[in-house]
Amino acid sequence: MAARVFVPKDATACALGADAVADRIVRAAAAGGIEIELVRNGSRGAFWLEPLVETENGSGRMAFGPVTPDDVEDLFESGFPGACEHRLALGPVSDIGWLARQQRLTFVRAGWTDPLSLEDYRAHGGFAGLERALRLGGQEIVDEVKASGLRGRGGAAFPTGIKWQTVLDAPGQPKYVVCNADEGDSGTFADRLLMEADPYQLIEGMIIAGLAVGAEEGYIYLRSEYPHCRAVLTEALARAGRSGYLGSDVAGSGKAFRIELRIGAGAYICGEETSMLGSLEGKRGLVRYKPPLPAIEGLAGKPTVVNNVLSFAAVSTVMERGGTHYHEHGSGRSRGTLTVQLAGNVSRGGLIEVPFGATLREVIEDWGGGTASGRPVRAVQVGGPLGAYLPESLLDVQLDYEALAEAGGMLGHGGVVVFDDTVDMAEQARFAMEFCAIESCGKCTPCRVGSARGVDVIDRLRANGGRDEDRKTLEDLCDTMVDGSLCAMGGLTPYPVRSALQHFPEDFR
Amino acid sequence: MSASAVALKEIVETAVDRHRGCIGALMPTLHSIQDTLGFIPPDAVPMLAQAMSLSRAEIHGVITFYHDFRTEAPGKHVIHLCRAEACQAMGSRKLEEHVRTRLSVDFGETTTDGKFTLEPVYCLGNCACSPSIRIDDAIHARVTPDRFDELISGLEGAE
Numbered sequence: 010m011a012a013r014v015f016v017p018k019d020a021t022a023c024a025l026g027a028d029a030v031a032d033r034i035v036r037a038a039a040a041g042g043i044e045i046e047l048v049r050n051g052s053r054g055a056f057w058l059e060p061l062v063e064t065e066n067g068s069g070r071m072a073f074g075p076v077t078p079d080d081v082e083d084l085f086e087s088g089f090p091g092a093c094e095h096r097l098a099l100g101p102v103s104d105i106g107w108l109a110r111q112q113r114l115t116f117v118r119a120g121w122t123d124p125l126s127l128e129d130y131r132a133h134g135g136f137a138g139l140e141r142a143l144r145l146g147g148q149e150i151v152d153e154v155k156a157s158g159l160r161g162r163g164g165a166a167f168p169t170g171i172k173w174q175t176v177l178d179a180p181g182q183p184k185y186v187v188c189n190a191d192e193g194d195s196g197t198f199a200d201r202l203l204m205e206a207d208p209y210q211l212i213e214g215m216i217i218a219g220l221a222v223g224a225e226e227g228y229i230y231l232r233s234e235y236p237h238c239r240a241v242l243t244e245a246l247a248r249a250g251r252s253g254y255l256g257s258d259v260a261g262s263g264k265a266f267r268i269e270l271r272i273g274a275g276a277y278i279c280g281e282e283t284s285m286l287g288s289l290e291g292k293r294g295l296v297r298y299k300p301p302l303p304a305i306e307g308l309a310g311k312p313t314v315v316n317n318v319l320s321f322a323a324v325s326t327v328m329e330r331g332g333t334h335y336h337e338h339g340s341g342r343s344r345g346t347l348t349v350q351l352a353g354n355v356s357r358g359g360l361i362e363v364p365f366g367a368t369l370r371e372v373i374e375d376w377g378g379g380t381a382s383g384r385p386v387r388a389v390q391v392g393g394p395l396g397a398y399l400p401e402s403l404l405d406v407q408l409d410y411e412a413l414a415e416a417g418g419m420l421g422h423g424g425v426v427v428f429d430d431t432v433d434m435a436e437q438a439r440f441a442m443e444f445c446a447i448e449s450c451g452k453c454t455p456c457r458v459g460s461a462r463g464v465d466v467i468d469r470l471r472a473n474g475g476r477d478e479d480r481k482t483l484e485d486l487c488d489t490m491v492d493g494s495l496c497a498m499g500g501l502t503p504y505p506v507r508s509a510l511q512h513f514p515e516d517f518r
Numbered sequence: 623m624s625a626s627a628v629a630l631k632e633i634v635e636t637a638v639d640r641h642r643g644c645i646g647a648l649m650p651t652l653h654s655i656q657d658t659l660g661f662i663p664p665d666a667v668p669m670l671a672q673a674m675s676l677s678r679a680e681i682h683g684v685i686t687f688y689h690d691f692r693t694e695a696p697g698k699h700v701i702h703l704c705r706a707e708a709c710q711a712m713g714s715r716k717l718e719e720h721v722r723t724r725l726s727v728d729f730g731e732t733t734t735d736g737k738f739t740l741e742p743v744y745c746l747g748n749c750a751c752s753p754s755i756r757i758d759d760a761i762h763a764r765v766t767p768d769r770f771d772e773l774i775s776g777l778e779g780a781e
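Respectively, the protein sequence lines represent chains U and R. Reading the first sequence from the start, the letters are residues 10 to 518 in my numbering. Reading the second sequence from the start, the letters are residues 623 to 781 in my numbering.
Treat the hints with care, as some may be off.
[As the list claims (entries may be wrong)] Among chain R residues calculated to face chain U with C-beta under 7 Å, some are:
| no. | residue |
| --- | --- |
| 1 | Glu707 |
| 2 | Met712 |
| 3 | Cys751 |
[Unchecked claim] Now the stretches of chain R that chain U is said to cover, found in silico as 3 or more residues with beta-carbon under 8 Å:
| no. | region |
| --- | --- |
| 4 | 686-692 |
| 5 | 742-750 |
| 6 | 758-767 |
[Unchecked claim] EDC-like, lysine to aspartate or glutamate: derived pairs with alpha carbons at most 16 Å apart:
| no. | chain 1 | residue 1 | chain 2 | residue 2 |
| --- | --- | --- | --- | --- |
| 7 | U | Lys311 | U | Glu290 |
| 8 | U | Lys292 | R | Glu680 |
| 9 | R | Lys698 | R | Asp759 |
| 10 | U | Lys292 | R | Asp690 |
| 11 | R | Lys716 | U | Glu436 |
| 12 | R | Lys716 | U | Asp433 |
| 13 | U | Lys311 | U | Glu226 |
| 14 | R | Lys698 | R | Asp735 |
| 15 | R | Lys698 | R | Glu741 |
| 16 | U | Lys311 | U | Asp178 |
| 17 | U | Lys481 | U | Asp465 |
| 18 | U | Lys264 | U | Glu140 |
These are calculated hints, taken from the structure and not from any lab test. Source: prediction; values computed, not measured. C-beta: ideal position from N, C-alpha, C; glycine also.
Using the sequences plus the hints, can you model the full thing?
Written as structure tokens, this is what we have:
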């Protein structure tokens with residue numbers, strides 16, 4: 010039997026040379042007369058080990074990494090893909106501590122399967138949630154989601170079950186299901202990883218949402234910065250359609266559900282749900298006032314479920330294993346698992362799925378292994394470009410929605426960006442304002458004008474050695490943005506700015 | 623109408639027909655035109671307005687709102703350089719300086735030989751292996767100034 014060799018096709022793995030590695034493996038095997046079956050799997054999220062090559066033999070999957078194209082010949086000389094001693098050999102994949110110490114619910118299949126293989130997906134528990142949902146009524150599905158305690162994973166953490174109940178109860182047809190896959194926060198890649206490694210899980214979750222609220226049409230709004238994702242989703246949607254999971258008769262149930270993939274056009278603000286809906290309607294992505302909530306008047310003015318990729322994916326798990334099972338994970342009001350994305354200046358970055366409640370320090374030290382540069386950690390930005398910068402002294406904060414909010418931060422979509430002691434925090438504060446000025450939709454004045462003035466004031470503050478009057482102006486400006494902005498863009502931009510001022514005042518002098 | 627205007631009209635009409643009847647057809651229609659031509663010529667705006675029963679102002683507004691849509695032809699290769707925080711933490715500001723100097727262009731500009739257009743991007747989702755750049759549809763990780771020069775030389779040499 011041909012040995013199976015796995016080389017991820019994930020965007021980060023490819024950015025590190027996975028395509029060339031796969032190519033060299035095929036050529037080396039052919040040259041040596043070794044029969045192999047190459048599988049382009051998804052990534053496990055251990056990006057520091059990518060390209061992470063695996064082989065499968067009777068006793069499980071053996072890992073090698075990080076493998077560069079130039080290592081391939083050497084690997085084959087050591088006996089690869091058979092049993093071999095090699096400096097890149099990591100042993101059985103299930104023994105890699107960085108992965109084994111995680112608790113994977115949403116990312117349980119990532120890396121194990123061929124992302125596009127429906128057979129693989131089913132063999133690993135896929136569509137079990139959908140089958141169960143097809144036996145239930147809409148209200149029963151919504152009740153199960155409520156029981157799970159799942160909160161929206163895009164950043165706002167709104168209870169998913171309550172949102173679905175609102176759409177279910179809202180009068181008006183048709184209803185829509187929209188997946189927000191505009192993962193724009195720097196330091197986040199969980200949505201991308203899931204869509205590239207396990208796209209059917211998202212598709213399954215969206216179908217379940219459709220069944221729950223009585224919608225027959227779904228949209229995935231994917232950012233244009235994810236070309237790999239686009240390719241995977243396009244093919245996955247086509248295969249799901251051909252296999253009868255999407256279309257006029259979902260899995261033989263007589264119920265219809267279709268999904269259309271829409272591509273954004275490089276606007277960060279379109280990650281805000283009302284802006285995204287405007288974009289889906291073919292307009293500028295202007296933020297809208299709420300109420301009315303999208304659940305009542307969403308896409309084209311109709312009741313619409315809008316959820317993040319991970320929320321839909323989690324619903325597949327909730328329906329498969331039951332809401333109570335999901336609720337058993339986590340701490341306080343943060344139920345289930347948290348997907349931390351460890352990024353920036355970190356030695357072992359990647360995706361870490363753990364129950365809520367781990368501390369930031371555990372994540373950065375135990376998983377991250379400290380900074381990539383080897384220098385001390387100075388600041389950590391949690392929750393994307395609108396999240397606060399935390400100093401080293403606050404790293405013992407627990408990673409759950411409430412604990413982080415108490416520490417003056419926010420968990421958001423779970424991005425953790427580490428900076429070493431060479432960072433200039435005044436420059437980071439300036440960038441926060443600059444980014445807001447570039448990406449503001451322009452609808453409300455505090456955000457549109459406030460951010461541009463914010464850049465000016467920070468420049469003045471830095472030029473004048475941190476005068477009190479400039480600092481006061483900046484504080485006033487931040488107050489105005491927080492109090493007067495329509496959405497989180499202008500409302501939260503002051504968080505990175507103020508936290509930098511508060512925790513790193515020396516950088517502004 | 624000139625020959626080029628006739629050709630443009632055909633491209634616009636094909637794009638409009640492909641997405642006719644969709645919710646929010648303008649966005650995918652603009653994408654189709656840009657995928658075909660590399661940009662959206664200003665002359666396409668009145669054609670789109672007529673074909674889609676929208677005002678020119680509406681279409682102009684949409685084109686200019688989104689960073690991706692461009693109204694001039696780009697260079698042969700488009701380089702997106704990530705300017706966001708995770709890349710900053712790994713030295714992207716230095717890389718940015720190097721790239722601008724190496725190509726002698728600023729963001730939004732095309733090299734005089736028409737080979738490269740430089741654009742900023744705010745996150746490519748490759749944040750655990752920063753700094754990142756995207757050249758056309760290929761993403762590259764842990765890009766140092768030297769690595770950038772290698773990548774560019776590879777593309778120049780391929781011509």
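Hint check results:
Interface restraint check: Glu707(R) against chain U, minimum CB-CB distance 4 Å, threshold 7 Å, status holds. Interface hint at Met712(R): satisfied, since its Cβ lies 6 Å from the closest Cβ of chain U, which is below the 7 Å cut-off. With a cut of 7 Å, the hint placing Cys751(R) at the interface with chain U holds, because the nearest CB-to-CB distance is about 6 Å. Counting residues of the region 686-692 of chain R whose CB lies closer than 8 Å to any CB of chain U gives 5, so the stated coverage by that chain holds, three being the minimum.
For the region 742-750 of chain R, the assignment as covered by chain U holds, since 8 residues bring a beta-carbon within under 8 Å of that chain's beta-carbons and 3 suffice. Using a Cβ-Cβ cut-off of 8 Å, 6 residues of the region 758-767 of chain R lie near chain U, which meets the minimum of three, so the contact claim holds. Taking the CA atoms of Lys311(U) and Glu290(U), the gap is near 12 Å; set against the 16 Å cutoff, the hint holds. Between Lys292(U) and Glu680(R) the alpha-carbon distance is near 8 Å, which keeps this suggested pair within the 16 Å criterion.
Distance restraint check for Lys698(R) and Asp759(R): the Cα-Cα separation of roughly 13 Å lies within the 16 Å cut-off, and the hinted pair is therefore satisfied. A threshold of 16 Å between alpha carbons decides the hint, and for Lys292(U) with Asp690(R) the separation of about 14 Å falls inside it, so the pair holds. Taken as a hint, the Lys716(R) and Glu436(U) pair is honoured in the structure, with Cα atoms around 14 Å apart against an allowance of 16 Å. Distance restraint check for Lys716(R) and Asp433(U): the Cα-Cα separation of roughly 14 Å lies within the 16 Å cut-off, and the hinted pair is therefore satisfied.
Proximity of Lys311(U) to Glu226(U) is assessed by CA-CA distance (about 12 Å); at most 16 Å being required, the pair is judged to hold. At roughly 9 Å between alpha-carbon atoms, Lys698(R) and Asp735(R) fall within 16 Å of each other, so this suggested pair holds. Pair hint Lys698(R) plus Glu741(R) holds up; C-alpha atoms about 13 Å apart against a cutoff of 16 Å. Pair hint Lys311(U) plus Asp178(U) holds up; C-alpha atoms about 12 Å apart against a cutoff of 16 Å.
A hinted pair counts as satisfied when its Cα atoms are at most 16 Å apart, and Lys481(U) with Asp465(U) qualifies at roughly 14 Å. A distance of roughly 13 Å separates the Cα atoms of Lys264(U) and Glu140(U); the hinted pair therefore holds under the 16 Å criterion.
In this structure, none of the earlier numbered hints is contradicted; all agree with it.
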